[in-house]
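Number of protein chains: 4
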Amino acid sequence: MKKSFASDNYSGVHPAIMEAIIKVNSGHASSYGNDEYTSEAEKMFKYHFGEHVEVFFVFLGTAANVLSLSSAIRSYEAVICTELAHINVDECGAPEKIGGFKLLTVPTTNGKLDIALAEKYLLNVGFEHHVQPKIISISQTTELGTVYTVHEIKMIADFAHSNGMYLHVDGARLSNAAASLNLPFREFTTDLGVDVISFGGTKNGMMFGEAVIFNNIELAKGFKYLRKQSMQLASKMRFISAQFIAYLSNNQYLNTASHANNMAKYLKDSISSISEVYVTQSVDANAVFAIFPKEITPHLQEETFFYLWDEAKNEARWMTSWDTTTDDIDKFVKKIELALH
Amino acid sequence: MKKSFASDNYSGVHPAIMEAIIKVNSGHASSYGNDEYTSEAEKMFKYHFGEHVEVFFVFLGTAANVLSLSSAIRSYEAVICTELAHINVDECGAPEKIGGFKLLTVPTTNGKLDIALAEKYLLNVGFEHHVQPKIISISQTTELGTVYTVHEIKMIADFAHSNGMYLHVDGARLSNAAASLNLPFREFTTDLGVDVISFGGTKNGMMFGEAVIFNNIELAKGFKYLRKQSMQLASKMRFISAQFIAYLSNNQYLNTASHANNMAKYLKDSISSISEVYVTQSVDANAVFAIFPKEITPHLQEETFFYLWDEAKNEARWMTSWDTTTDDIDKFVKKIELALH
Amino acid sequence: MKKSFASDNYSGVHPAIMEAIIKVNSGHASSYGNDEYTSEAEKMFKYHFGEHVEVFFVFLGTAANVLSLSSAIRSYEAVICTELAHINVDECGAPEKIGGFKLLTVPTTNGKLDIALAEKYLLNVGFEHHVQPKIISISQTTELGTVYTVHEIKMIADFAHSNGMYLHVDGARLSNAAASLNLPFREFTTDLGVDVISFGGTKNGMMFGEAVIFNNIELAKGFKYLRKQSMQLASKMRFISAQFIAYLSNNQYLNTASHANNMAKYLKDSISSISEVYVTQSVDANAVFAIFPKEITPHLQEETFFYLWDEAKNEARWMTSWDTTTDDIDKFVKKIELALH
Amino acid sequence: MKKSFASDNYSGVHPAIMEAIIKVNSGHASSYGNDEYTSEAEKMFKYHFGEHVEVFFVFLGTAANVLSLSSAIRSYEAVICTELAHINVDECGAPEKIGGFKLLTVPTTNGKLDIALAEKYLLNVGFEHHVQPKIISISQTTELGTVYTVHEIKMIADFAHSNGMYLHVDGARLSNAAASLNLPFREFTTDLGVDVISFGGTKNGMMFGEAVIFNNIELAKGFKYLRKQSMQLASKMRFISAQFIAYLSNNQYLNTASHANNMAKYLKDSISSISEVYVTQSVDANAVFAIFPKEITPHLQEETFFYLWDEAKNEARWMTSWDTTTDDIDKFVKKIELALH
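Residue numbers (the numbering used here), protein chains in the order written: chain Z, 1 to 341; chain P, 1 to 341; chain U, 1 to 341; chain V, 1 to 341.
Okay, chain Z solo, but in the shape it has when bound (with noise of 0.2 Å):
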């Protein structure tokens, strides 16, 4: 089909990610992890967010998130997040049905946390008949594609910590927050005491695969069982291994991470000028949202697809991907200025 801003996991899967795949299809290898391609991966993530880590690697983010949180806590016990999380929102009940736990929502409008919300769950500390809050969890990038300072993650593990609750980040799209911050990763999470994240490449270029970074190892014991038994267990691990070692060598991740999200503001700056398209949310990383005539809008999807994020206000969510040109962009600008005159 055609490019489209429907989803950075629309495009495929970079030459470079390929070629690692193909490159480690020879011969046998053990099955499960059990292979030097494995060890060469984790060693990546060491290298990138600290010696001491313990990473797992599982097929999808969902998994990764529900398998993060579900190590880090019981049953009764809850993760805080936004009420747009994509534990909460888009993985359709994984959290409560694989981890069995309750979600506490606080409100937002940038996608971001707002500590102040969360602390009336700390209320229910103790008390028998309320899940007791145990985890925050926050996404970086954020689901409304704004990127979290240093600062702001600072504070909100300190909040978390000072309250007897660990920090996960959901870092699906971590690569384009590192683009963005123009930081390594360890600064703005391991280094700041994120207790658990997510790791994902599937919408930066890689084909599957999704690796858990445990940096409170405390909270890794047992994880292997938790793994397999979530179904999340890769027999022919290697393929997952080999994808990420391509994806944190020689900058991959960054440059195509970085590529994205210039190709985001690329779009933001060439409809700055018209004056019926309106960006509703500050373009930190590789998503633009926003709001135009909604009369325009079967017109646009036709060519180059992509979602309605709120069908009320006719809100657009673009997305931007590592395959994405200028020349895509100048069309579908072009577009957007022919349909409104």
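All the pointers check out, no bait thrown in.
Treat identical chains as interchangeable: a pair holds within one or across any two.
Pairs of lysine-lysine residues, derived as BS3-like cross-links and limited to a Cα-Cα distance of at most 30 Å, are as follows:
(1) K3 with K23
(2) K294 with K268
(3) K2 with K43
(4) K265 with K154
(5) K294 with K120
(6) K3 with K43
(7) K2 with K46
(8) K331 with K23
(9) K224 with K2
(10) K3 with K313
(11) K224 with K3
(12) K120 with K224
(13) K268 with K3
(14) K331 with K294
If you are wondering where the hints come from, they were derived from the structure by calculation, not from laboratory data.
Chain Z is fixed; fit chains P, U and V onto it per the hints.
Coordinates of chains P, U and V only, in the frame set by chain Z:
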């Protein structure tokens, strides 16, 4: 690592499958299975199993099994299977945790389910203190490398249906069974009334991905939600679908499975003259189970790894694969002979 | 301890109920509900709710709620309720853990569910990333002491059914609603199409025990197994049944509920002249919610305990019970007056 | 109905227990266990089991078992028990559904767990494809009416602990074991290192209610939340507590249990001279298992109901209770004799 007889999932991806993966990696594709490749793959399954079947792709065999069963029963209903069933032994309690249901096991000596032994569980029907048997699960090929005949499956299907139960087939190695029986898939599955099938290819040259095939489409109701909630919906689905298209085309599945089966027979024949090695199971597909003097085990494993199925008896499981060669076997048999004499 | 306005479950067992318990305690009775008292109790429910209903007894309200809902939906289906619903706030995540399903909440100011606010969840229907709304749960009386009118319930039931959903009523205080509406149970439940009801008596003079009443008997299929598996099958069931027989005979439930309701009205009237006390909710049943000067709270609680519903606003919840007397209230109101002046 | 030998839960509530219930029914009491009676009941348990134990009340035995085990393990850990264990056979899959864990069973002929047979599961330790054995559960008295000696329990506790596992005792009939062993509870439970106990009284004259006693108080962490979430927190807790106070005072539990045990022995002795009746298990407590000619079964059951434990063998289970009299037995034995001759 060196090739081994440890498992058919130690081998890599067959070139034809890899080529198919590479071929679909161009441009964008709708995510989560709303792409043309997935439609085409579904058609391939309908061709092989019947036009009416409904098929869903998941990441791996454990998920195909647990979700097949979950879609068919409620938590107070139970699965009858052999005590050696993969779901009972090798899935770290995934059926119980994710499905919430109980397995009712019967002993087996050849890996096949004996209806007569299953009958005792029917005494529980209607008595609320006991779980209610509702589905039978058999593995084809079995965990002991044997293959059910058409007649045997027919008997079990009829037993199940006449007692208000369903029949599930764990077909992680269904292609090896097809090769062994020399029959199209449908003649030993859907045509006999098997209600739902886990269909795997990873042990026969695929990279990852498994299919759940519903012959009884009543059981498929809501499965798409169950799959998503159970963390098994691949975003870049085209890379599973492409594999299945290639796998089910041009006799790909059959050629590789036949080869693996032939290699097992070749191994069996090659050791038939060694009196110290006793083959314990019928070699119907791509596994050879054998007992031999304990003292040579480390020596053999050192160069060509394999697992001991039963340490007490020193019974080994030797799995052949699509990439096993007669040369591999000749060397291994020579090694055995040398070690023994 | 001294009588209080803390909760209607602080009061003891009504003498008529206790007498019924004692009366059935002679000789043997079949366990697990296969006894004559349980049959008789079931008949009482059929008399009050309709001959076609199916009824099952469990130990407590949380179980009645969770199992009512579980019997109606699969784990990927969801419950729409208010954000104040007992199932959402006060059951320590039992719906999520035991049922595995998600609650979709809507804001409320008077405890009642606003259909207009629930409608947004219908946008999710058919989209596998989101849980599928399948049942609405309302509390009658509500958690804020208000009572739905017949018309309001009819509207919600019609909304539910016309959108392929069911309606559940959490009737922990259904008798108080019956007294308030001055209607037989069926006229504001089963006659309106409510599909399943949690029916409690413990807050109105019973010792323990709750009933699940299925008006939509399709949903009752397999419930006896679900009850046992969910650890809610009482062995000496006759002692629950005996209570329900007494409770539903001779207007027992109505007399005690009416009394409790009257006491709440008496309390409301008694404080109406105190300008510093502001009643915040309509006093439809046996709860009075009121805001008053913070500084007198400890003084009042000391002798006659009650809970603060909202600490920030210093909003108290005063519950009356079957054993509350005008004298209790007079003394309490005097205390308020003394404290204030 | 007529008295029977069907089950000790067919009998009613002992007068001393009923009196205790009535006695606490005056005035208000804090709900959910925050009342003086519950404190007093807890003290009684500390007196009998050790000052350091922590105790929690639930509604019934299935819950005591499932929650005891759940509090000790994670879902990928498993319980070793006999194939006849109540948790394995008679709880409709509650352990699997509510706890999410797997039971690993060993055969038994006398109801007792044979350590030697359990050892095979230790081979799985550390291998992520298999559930990890973490707790042993034994029933005292066993499901076959036998009683473990102090030495036997000590051996099992030591085996468990030396292999990193816990020991749970399902004590639905622990009082009958105390009477049989003629020992204080602690001498055959907590003193031997049993980690957690399900303590029942309903089969020995109570109305409802069961206790979970933690000897290993590390396992009690968070139990109050688990209890609430698992739908086992009684609102009017005083009515459970009052029963336990009476049950554990004045040798109440011991007198009734001794009586029931004596009646079983009396029954065994009374039939010893009937050559057609063969007692199959050691009559250590209040159950007699016996095989006799099939043709007299309906005739016997008609007046004095009992269950066939094994229909194939025509093996009956005759349970005696606190209200069984020698006269009941004499009549029953006479009936047997008449039927046979």
